[in-house]
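> Below, each chain spelled out in residue letters.
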Amino acid sequence: MKGSFRQSMKWLHTWVGLVVGWILVFMFITGTAGYFDDEITRWMEPERPLTATHIDKSKLLDISQHYLETHVKNAKEWRVILPNSRDANLKVMWQEQPEEGKRFGKFSTKVLDTDTDTGLAIDNLRETAGGRTLYRMHYRLHYMPSIVAYWIVGFCTMLMLIAVITGVIFHKKIFSDFFTFRAKKGLIGWLDIHNVLSVTAIPFHFMITYSGLIFFLTTYMILSVNIGITETQKDKYFNEVFPRTVEVEKSDDYQPLASLSDMYAKSHKYWQEDTLAYVKVEYPLDKNARVKFTRWNTDLTYNPDDELFFSGETGKLLDIAAKQVTMSGQIHRGFISLHEGLFASPMVRWLYLIIGLMGTGMIASGLILWTTKRKPKQMKNTNGPDFGYRLVEQLNIGTIVGFPIAVAMYFWANRLLPVEMENRAEWEIHCLFISWALLLIYPAFRSGLVAWFEQLKIAAFVFCFIPVLNFITTDKHLGISLPLRDWNYAGFDLVMLVIGVAFAFTAYKVKKHIPVAQKSHAKLTKNDIENKVTDETISTLAATKETS
Amino acid sequence: MILLMSLCFVSMTLFCLAMEKHRKQILSSEFINFPLPQIMVVSFKPLAWVMLFITLTISVEQYGWSIGPAVFFGALSGCLLPLILLLTYRANLIILVSVLLAIILFVIEL
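Chain order of the listed sequences is D and X. Following this note's numbering, the numbering of the first sequence begins with 1383 at its first residue and continues without gaps. Following this note's numbering, the numbering of the second sequence begins with 13 at its first residue and continues without gaps.
Just chain D, with the same shape it has in the complex:
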């Protein structure tokens, strides 16, 4: 750390960003995919029927109730998840009675076929890790105990927060350069890309990092809830931050459940039609059964009007006291729901996706900026670039292009692994990490630009091929899903195609910059490097002068 305050901020920004940059790229990509986890899971379970027709919710409730009453008799809880813009299938979930000493029982989910009135479960779904696991990696990584993962993620998030703040501090002309993007080769271009992606989405970057830390509040600030605090105080604290509705007692007297569709009809008095999102039945088939209707969130924090309670015995509306949420609890919930974006309508969800990708781009461009800035000096070394530089370049290629390829391989594995395979879900994840490991190692054997080009080519191929793979391995390809207008399913294929084309375009752009000598034999000699770099050096040096 040296020089003025601004200089030291710049130093901090550079190194803090570099140290955790690759994990942050991983977190941003998995997190962005997480905004569409339900949609991804739906694609990864192609046995589910395509759905296009809109069926009235009261009929769906009848179907679900019939199925649960016949097949799931002794459960602690039933849930009915109604079709929505994210997942067009009707799903039922239930929790079995917990074993002695445990709080939760085993959870199961079934997708129901809505073509029959009695409701038949789709039983031949393939075992898949689905979008949920991809999203879970975002905060829980993989192959390690949760608590270790939380601390690693927390450390990276903290450094990201530092990088965001120092970045704002040392940015010289945040307002006068607000719209500036000079599409130039070398340093200036990368600097502008980094600035544009950071500054335009700064509210999101700050929100996502800060709320990410708040998520694991009691993990990271472990002392605050453990030292000098009695168990009762601790319980009081948790009840304040995460208040619960008054609980129901089980009575052990059998009582059939009143009709859910009748309750749905009653809910219209309070809610607009069609806003119901899911139904939860606590202690079904018990005298004390309680039914909870939840509609789509209308508030970031907590709106008591979003929930309606009915008596399971009579089907009458119950007047249950709203949860007591304190001010700090409200703020906590507000940040969490901003982070998760569960309130988001389809358009807002797409916005989350785009801005999430901008965040990924911001970190990726920052990492590339690090190498671009050091390139002219490194290339002058008589023995070629030193180890640190080569390592950063290798990790950049292996993560920025390599990780997306690994995610594509995860989708490939879903279609190609035998359906009967044991531990299939786990192997899908192994495929992801094995491909990523290979792609991280691969750039060590190629020169920089050639490795970029080759991995971009692979990325373009693997993403563009996903719809084709879907065509070959399932009977629900684009030719069928598009005319049926099942946008959730067709949308996945289309988005993969768009990503593939974007990679192809980037590969095409990168190819132009590879000198002819390198194309014929990828191994670089020192002369090649020098020839290639000379003209770039001049422009970059000029740029360095201008920016510093």
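Source of the hints: derived by calculation from the structure; they are not laboratory data. Note that CB positions come from ideal geometry on N, CA and C, so glycine has one too. Treat the hints with care, since some could be wrong.
[Claimed, not checked] Pairs of lysine to any residue residues, derived as SDA-like cross-links and limited to a Cα-Cα distance of at most 20 angstroms, are as follows:
(1) D:K1616 / D:F1557
(2) D:K1484 / D:V1630
(3) D:K1566 / X:S78
(4) X:K33 / D:F1557
(5) D:K1567 / X:L97
(6) D:K1616 / D:K1555
(7) D:K1705 / X:R102
(8) X:K36 / D:F1560
(9) D:K1555 / X:E32
(10) X:K33 / D:V1630
(11) D:K1566 / X:A103
(12) X:K33 / D:W1732
(13) D:K1555 / X:M31
(14) D:K1566 / X:P94
[Unchecked claim] On the chain D side, residues computed to face chain X include the following (Cβ under 7 angstroms):
(15) L1682
(16) L1720
(17) L1724
[Said to hold, decoys possible] Now the in silico label distances, taken between C-beta atoms and shown as ranges:
(18) D:K1759 / X:V54: 25 to 35 angstroms
(19) D:S1727 / X:R102: 39 to 49 angstroms
(20) X:I66 / D:A1503: 47 to 57 angstroms
(21) X:F65 / D:K1894: 42 to 52 angstroms
(22) D:W1393 / X:T100: 28 to 38 angstroms
(23) D:Y1636 / X:V72: 23 to 33 angstroms
(24) D:Q1389 / X:V119: 23 to 33 angstroms
For chain D, the structure is supplied; the task is to place chain X on it using the hints.
Below, chain X alone, put in the same frame as chain D:
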């Protein structure tokens, strides 16, 4: 949502017009190549702020006090990227796009 993003786009264009270097970029087309009157140049910035404020109000109107501001910032970030790309590669189209958006909005709202 489309309404919010379009309004943000237009007000950000006004901010661009308020800055001299971007004004030159945007107004380089053959249709508009005369110097703008000083009063117009000065009024771009306040106008942009007013429009941003109106957009925020509409967002709150549509989504409520808690979700509204969040969506507003999202729309702002979402529209800035296309605007900046246009500014770099097709600056002379910006006025056209803004006017078209305004007309489309007008038609939708009618």
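> With reference to the structure, classify each hint as holding or not holding.
Verification of the hints:
Distance restraint check for K1616 of chain D and F1557 of chain D: the Cα-Cα separation of roughly 46 angstroms exceeds the 20 angstroms cut-off, and the hinted pair is therefore not satisfied. For the proposed pair K1484 of chain D and V1630 of chain D, the alpha carbon gap of about 17 angstroms is at most 20 angstroms, so the pair holds. Restraint check: the Cα-Cα separation between K1566 of chain D and S78 of chain X comes to about 41 angstroms, which exceeds 20 angstroms; the hinted pair is violated. With a CA separation close to 13 angstroms, the supplied pair K33 of chain X and F1557 of chain D stays within the 20 angstroms bound.
Among the hinted pairs, K1567 of chain D with L97 of chain X is consistent with the structure: their alpha-carbon atoms are about 16 angstroms apart, no more than 20 angstroms. At most 20 angstroms may separate the alpha-carbon atoms for a hinted pair to count; K1616 of chain D and K1555 of chain D exceed this at roughly 47 angstroms. For the given pair, K1705 of chain D sits about 54 angstroms from R102 of chain X by alpha-carbon distance, which is inconsistent with the 20 angstroms threshold. At roughly 16 angstroms between alpha-carbon atoms, K36 of chain X and F1560 of chain D fall within 20 angstroms of each other, so this suggested pair holds.
Pair hint K1555 of chain D plus E32 of chain X holds up; C-alpha atoms about 15 angstroms apart against a cutoff of 20 angstroms. For the hint linking K33 of chain X to V1630 of chain D, the alpha-carbon distance of about 67 angstroms lies beyond 20 angstroms, and the restraint is violated. Simply put, K1566 of chain D and A103 of chain X have alpha-carbon atoms about 16 angstroms apart, close enough for the 20 angstroms limit, and the pair holds. Taking the CA atoms of K33 of chain X and W1732 of chain D, the gap is about 33 angstroms. The hint is violated against a cut of 20 angstroms.
Restraint check for K1555 of chain D and M31 of chain X: satisfied, since their Cα atoms lie roughly 13 angstroms apart, inside the 20 angstroms limit. Restraint check: the Cα-Cα separation between K1566 of chain D and P94 of chain X comes to about 18 angstroms, which is no more than 20 angstroms; the hinted pair holds. Among the interface hints, the one on L1682 of chain D holds; its C-beta lies about 4 angstroms from the nearest C-beta in chain X, closer than the 7 angstroms criterion. This hint holds: L1720 of chain D has a C-beta 6 angstroms from the nearest C-beta of chain X, less than the 7 angstroms allowed.
Checking L1724 of chain D against chain X: minimum C-beta separation of about 11 angstroms lies over 7 angstroms; hint violated. Distance hint check: the CB atoms of K1759 of chain D and V54 of chain X are about 47 angstroms apart, inconsistent with the given range 25 to 35 angstroms. At about 31 angstroms, the beta-carbon gap between S1727 of chain D and R102 of chain X misses the expected band of 39 to 49 angstroms. Between I66 of chain X and A1503 of chain D the CB atoms are about 51 angstroms apart, so this pair conforms to the stated range of 47 to 57 angstroms.
For the pair F65 of chain X and K1894 of chain D, the supplied restraint of 42 to 52 angstroms holds, since their beta-carbon distance comes to about 45 angstroms. Distance hint for W1393 of chain D and T100 of chain X: a CB-CB separation of about 30 angstroms, consistent with the stated range 28 to 38 angstroms. One distance hint, 23 to 33 angstroms for the beta-carbon pair Y1636 of chain D and V72 of chain X, is violated here, with the actual separation near 50 angstroms. At about 53 angstroms, the CB distance of Q1389 of chain D to V119 of chain X disagrees with the hint of 23 to 33 angstroms.
Of the hints listed earlier, those the structure fails to meet are numbers 1, 3, 6, 7, 10, 12, 17, 18, 19, 23 and 24, in rising order.
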